[in-house]
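Asker: One letter stands for each residue in the lines below.
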Amino acid sequence: MGLEPGRLHFSWISSAESTKFARVAQEVTEAVKALGPNRHFLKEKAKVA
Amino acid sequence: MREYTDKIRQIARRLLEEGKVDRVIGFKKGSMPMMNEPCVIRRPQDADQLIWDGNCGINLANYLTGAKDKVGVVAKGCDSRNIVTHIIENKLDRDNVVVIGVPCQAMIDKRKIAAAVDGEISEVTETDDGKVVVRGNGFEKTFDRAETLQDNCAICVHRNPVICDEPVADPVPEQTDVDRYADIRAIDAMSDAERKAFFDDMFAECIRCYACRNACPLCYCPTCFVDESRPQWVGKGQDENDIRTFHFLRAYHCAGRCTDCGACERACPVGIKMRVLTRKLEKDCKELYGWEAGMSVDQRPPLDAYKPNDPDAFIK
Amino acid sequence: MKFVKIDEKQWAEGIGKLKSGYRVFGPVKEGKDHEFRELTGDASPDMAFSNTRLSPKSVVYPQSEVMFEYTTDESRPDHHILKEPRRDDTPRAVIGIRPCDALSFLLVRRNFDSPEYKDPYWLRNYEATTFVGYGCNDPCATCFCTSAGSAPHDTQGLDALVVDRDGGYAAKAITEKGEALMKAAGWTDAMDEAEAEALFADRAAAAEKKITRQVATDKLAEKPSMDLYDAPFWEDVAFSCINCGTCTYLCPTCWCFDIQDECRGCEGVRTRNWDSCMAPLFTAHGSGHNPRGEKVQRVRQRFMHKLKYYVDKYGEGIQCVGCGRCVRSCPVNIDIRKVCDMMNAYDPEAANDCACPTT
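Chains as they are written, first to last, in my numbering: chain A, 1 to 49; chain B, 1 to 316; chain C, 1 to 359.
Simulated from the structure, these hints should not be mistaken for laboratory data.
These numbers come from a predicted model, not from an experiment.
Where a beta carbon is used, it is the ideal one built from N, C-alpha and C, also for glycine.
Only true hints are included.
Partial selection, computed: residues in chain A whose CB lies under 10 Å from chain B: (1) M1; (2) G2; (3) E4; (4) P5; (5) H9; (6) F10; (7) W12; (8) V24; (9) E27; (10) H40; (11) F41; (12) K43.
Build out the structure end to end from the sequences listed, making use of the hints.
Answerer: See the structure below:
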């Protein structure tokens with residue numbers, strides 16, 4: 001769809017894997033921050049016709 | 001096509017006379033060249049209204065959703081696969097539907113023909129030897145039928161109905177060595193910026209009439225997500241993000257269900273080629289799960305069944 | 001200066017000159033079809049068109065239009081106040097509009113400019129616009145303007161009319177607005193009046209002969225509304241309808257809209273967007289009740305509004321100009337000409353269970 005790769009992550013984490021959850025959350029946050037602000041699919045204020 | 005029409009009328013008349021069905025859904029002749037109108041026949045004596053030719057592209061499974069009475073329906077390959085999808089999604093009881101199966105010889109694309117001639121078309125006839133004769137004010141042009149097909153029909157590999165109670169003719173040969181995904185691979189190969197530009201261009205003319213959704217037999221939600229107002233998920237204006245959201249999300253809702261009947265593109269008043277979205281998902285379903293939609297009433301679709309060996313390479 | 005002749009060079013130069021004083025709109029070929037677009041830069045109207053795919057109503061009535069802007073940022077003195085945005089009020093000129101499409105603005109005006117209510121958005125745009133019509137030489141097979149109070153060279157909704165002439169065009173000013181535009185374009189090469197009258201009359205007569213389909217509307221006013229409303233043919237008419245909004249969005253005379261607020265952070269706008277009586281949401285009440293919850297009710301509403309309620313309310317004919325767009329673009333071939341004939345001919349006394357015409 002034109003969304004940059006790296007903005008969407010999938011992980012399988014059991015409810016017992018709290019450390020994995022924390023680690024994945026950390027990694028996802030860092031990876032997305034590294035990409036900078038999203039520029040696609042952002043709705044701007046409607047233009048006056 | 002004359003034999004198809006005669007046989008359809010004969011079957012419809014018999015089913016109604018014998019009380020096997022309460023009504024028959026088929027096509028009647030339209031008021032313009034290359035247009036037929038879906039219709040319902042309730043009395044045997046009206047069966048002669050039914051016709052068949054290359055302009056029956058509308059998917060009649062769309063008119064079956066939730067039917068509780070006994071219905072006969074004229075169905076080509078794709079329609080029959082959507083009837084199967086209706087059955088496995090509990091939208092239709094197999095016992096309530098009599099499939100009048102049409103081995104499909106592919107539908108002609110009125111836009112392709114209109115684009116290939118200068119001037120307004122007054123009459124289009126199909127000949128028995130595979131030609132399409134187009135007449136208009138001061139011109140007559142003959143095409144090979146194969147050049148005039150709807151895009152989806154040209155790459156169709158399931159022309160024969162997959163379920164059929166009343167065959168209209170012997171099966172037609174299926175097309176083999178068809179590359180269904182050449183354009184999809186080209187889009188896959190684009191960079192994300194190119195792909196975004198491709199889709200921006202594709203949706204630029206959308207007027208949000210939702211003809212694509214409404215022509216689609218899969219789109220039977222009582223309230224579509226774009227029509228939800230509490231909460232409202234999608235804006236109503238011409239914002240490109242809202243338009244994109246509608247098209248992408250609608251396509252995802254059809255993942256593993258779309259039979260590529262082409263009703264969406266056929267219905268679109270501004271000619272958007274939205275089948276690239278559904279075919280991308282079709283390709284994924286085929287490659288990941290070996291799945292083709294609507295081929296059997298006995299198999300659950302991949303997106304509503306879990307198997308331990310489902311591919312999961314995308315999960316970290 | 002009532003009639004002028006315009007050669008091809010003067011035509012092209014004139015369009016260029018107009019752009020300094022007007023926002024100029026005209027037919028532009030996009031793919032296989034034509035649409036009305038704003039002509040910016042060197043763009044010129046492509047007059048070799050039969051009928052645009054969408055009607056030109058969006059020049060006056062955009063599909064999505066901002067009514068107000070607001071902020072909820074309480075640090076700003078104007079918070080929670082609806083403010084009108086600054087609008088582009090440059091005069092507009094529509095070049096090459098078909099007479100049927102131009103008439104549609106007069107039909108729609110009865111709704112947006114009534115003694116009880118004046119719609120400022122529509123009216124402001126409408127009054128800023130000069131309509132330069134282009135006489136239709138080759139009506140389409142789907143055209144039935146002559147049954148809908150118009151004609152291929154009808155001037156009712158126009159400020160000026162242009163027709164083909166050897167080596168260019170001939171033009172007629174109809175209103176002062178049209179005259180002013182022709183002056184601004186430098187189209188002032190006067191034409192012999194008798195010659196011009198004859199040319200316009202010949203063109204009009206030749207085009208009118210090519211309209212092959214007539215639709216009967218003469219009895220619509222006298223039919224009781226409830227007879228038509230309860231007529232047995234609606235189920236059949238509606239059967240094939242997929243309830244998309246194509247007909248309403250393409251129609252030059254459909255005017256219904258929906259008002260929406262959209263905001264991001266503290267900044268918001270109130271917009272109005274085209275809406276369609278084909279959509280269930282159009283009539284959904286806050287309570288959850290929907291008076292037109294069924295498809296057949298919505299299809300009936302569209303035809304009853306255009307061909308009966310409008311006729312009764314204004315006494316000025318049907319709410320249709322016969323442009324044929326809905327006929328051409330309906331995905332399932334619902335044909336307003338057939339429905340109109342059926343309504344016009346309907347007699348409840350004669351109706352029985354096979355009342356539904358089949359062709």
